[in-house]
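First to last, the sequence lines map onto chains A and B. The numbering used here numbers the first residue of the first sequence as 289 and each following residue consecutively. The numbering used here numbers the first residue of the second sequence as 15 and each following residue consecutively.
Derived by calculation from the structure, the hints in this document are not laboratory data. C-beta: ideal position from N, C-alpha, C; glycine also. Hints are supplied without guarantee of correctness; some may be wrong.
With the Cβ distance kept under 8 Å, some of the chain B side facing chain A (calculated, not the full set) [unchecked claim]: (1) Gly57; (2) Phe60; (3) Tyr65; (4) Ala67; (5) Lys83; (6) Phe86; (7) His88; (8) Leu101; (9) Pro106; (10) Gln110; (11) Asn111; (12) Phe112; (13) Phe114; (14) Pro116; (15) Gly117.
In silico negatives: residues of chain A with every beta carbon more than 10 Å from chain B [as the list claims (entries may be wrong)]: (16) Arg310; (17) His361; (18) Ser368; (19) Ser374; (20) Gln391.
So you can see what is in the structure, the chains are spelled out below.
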Amino acid sequence: DSGVTQTPKHLITATGQRVTLRCSPRSGDLSVYWYQQSLDQGLQFLIQYYNGEERAKGNILERFSAQQFPDLHSELNLSSLELGDSALYFCASSAITASGDAQYFGPGTRLTVL
Amino acid sequence: EDQVTQSPEALRLQEGESSSLNCSYTVSGLRGLFWYRQDPGKGPEFLFTLYSAGEEKEKERLKATLTKKESFLHITAPKPEDSATYLCAVQPNYGQNFVFGPGTRLSVLP
Numbered sequence: 289d290s291g292v293t294q295t296p297k298h299l300i301t302a303t304g305q306r307v308t309l310r311c312s313p314r315s316g317d318l319s320v321y322w323y324q325q326s327l328d329q330g331l332q333f334l335i336q337y338y339n340g341e342e343r344a345k346g347n348i349l350e351r352f353s354a355q356q357f358p359d360l361h362s363e364l365n366l367s368s369l370e371l372g373d374s375a376l377y378f379c380a381s382s383a384i385t386a387s388g389d390a391q392y393f394g395p396g397t398r399l400t401v402l
Numbered sequence: 015e016d017q018v019t020q021s022p023e024a025l026r027l028q029e030g031e032s033s034s035l036n037c038s039y040t041v042s043g044l045r046g047l048f049w050y051r052q053d054p055g056k057g058p059e060f061l062f063t064l065y066s067a068g069e070e071k072e073k074e075r076l077k078a079t080l081t082k083k084e085s086f087l088h089i090t091a092p093k094p095e096d097s098a099t100y101l102c103a104v105q106p107n108y109g110q111n112f113v114f115g116p117g118t119r120l121s122v123l124p
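Excised from the complex, chain A in its bound form:
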């Protein structure tokens, strides 16, 4: 157990709908990262927040948005969903350990768009 929690575990919805994925980082971690993993694309970085502010942006579609709240939990909003958005969505938080930087991943949310 990495200490990063994500809800829900599974989400099934229809095209055109909007969903919200939630992530709580490990206690004390200020950074939250969102990733998308599909079979044909591998792990793709979407966006990073640090203590409530956007820190880095990857290949995140305009239909997707995210935010990090004062209690450090984060939400990823996906709207106007398309079949191609079906994927595993992971959240990670980072820390500096004795052996260097580390990213700890949550269990993921499996999104299925029908």
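Given the structure of chain A, go ahead and fit chain B onto it with the hints provided.
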């Protein structure tokens, strides 16, 4: 454009048969190179971070090494429970996103 490649794509080993996985990168900078293990349907599990050429880190049967253009993950006397996909990622500079490779799918047969 920052890029990370991994080889081989898939590797089948007999239990006890040592081997190495390769991660090659072309990036604007190198703040850190990261190795992860991922089991099907689960989130990646952090293994190592390497920062500079010549650095090595070990954990049980795994040893990661780093040169200026690539990293190797050496697996010594693997067991079936080492079967997983091994991912490599690079963070070019502090505050930038992590660039992941496609992974190597390792199967260790008893």
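Hint check results:
The interface hint given for Gly57 of chain B holds, since its Cβ lies 3 Å from the closest Cβ of chain A, which is under the 8 Å cut-off. The closest approach between the C-beta of Phe60 of chain B and any C-beta of chain A is roughly 5 Å, which is under the 8 Å cut-off, so the hint is satisfied. The interface hint given for Tyr65 of chain B holds, since its Cβ lies 6 Å from the closest Cβ of chain A, which is under the 8 Å cut-off. Checking Ala67 of chain B against chain A: minimum C-beta separation of about 15 Å lies over 8 Å; hint violated.
At a threshold of 8 Å, the smallest CB-CB gap from Lys83 of chain B to chain A is about 20 Å, leaving the interface hint violated. Contact between Phe86 of chain B and chain A, as hinted, is not supported at the beta carbon level, the nearest pair being about 18 Å apart and thus beyond 8 Å. Look at His88 of chain B: its Cβ only gets to about 17 Å from chain A, farther than 8 Å, so that hint breaks. A hinted interface residue such as Leu101 of chain B counts as satisfied when its beta carbon comes closer than 8 Å to some beta carbon of chain A; here the least separation is about 7 Å, so the hint holds.
Taking 8 Å as the C-beta cut-off, the interface hint given for Pro106 of chain B is violated, the closest approach to chain A being about 10 Å. Evaluation of the Gln110 of chain B hint against chain A yields a held restraint, the C-beta minimum of about 6 Å falling below 8 Å. Checking Asn111 of chain B against chain A: minimum C-beta separation of about 4 Å stays under 8 Å; hint holds. The criterion of a C-beta within 8 Å of any C-beta in chain A is met by Phe112 of chain B, whose closest approach is roughly 6 Å, and the hint holds.
The criterion of a C-beta within 8 Å of any C-beta in chain A is met by Phe114 of chain B, whose closest approach is roughly 4 Å, and the hint holds. Residue-level restraint check for Pro116 of chain B holds (minimum Cβ-Cβ distance to chain A is 5 Å; threshold 8 Å). At about 7 Å, the closest approach between the beta carbon of Gly117 of chain B and any beta carbon in chain A falls short of 8 Å, and the interface hint on this residue holds. Distance check on Arg310 of chain A: its Cβ is at least 15 Å (rounded) from any Cβ of chain B, clearing the 10 Å threshold; non-interface status holds.
With a minimum CB-CB distance of about 17 Å to chain B, His361 of chain A clears the 10 Å threshold, and the non-interface call stands. The Cβ of Ser368 of chain A sits about 24 Å from the closest Cβ of chain B, beyond the 10 Å cut-off, so the non-interface label holds. Interface exclusion of Ser374 of chain A from chain B stands, the closest Cβ pair being 14 Å apart, more than 10 Å. At roughly 6 Å from the closest C-beta of chain B, the C-beta of Gln391 of chain A falls inside 10 Å, breaking its exclusion from the interface.
Hints 4, 5, 6, 7, 9, 20 from the list above are not met by this structure, while the remaining hints are.
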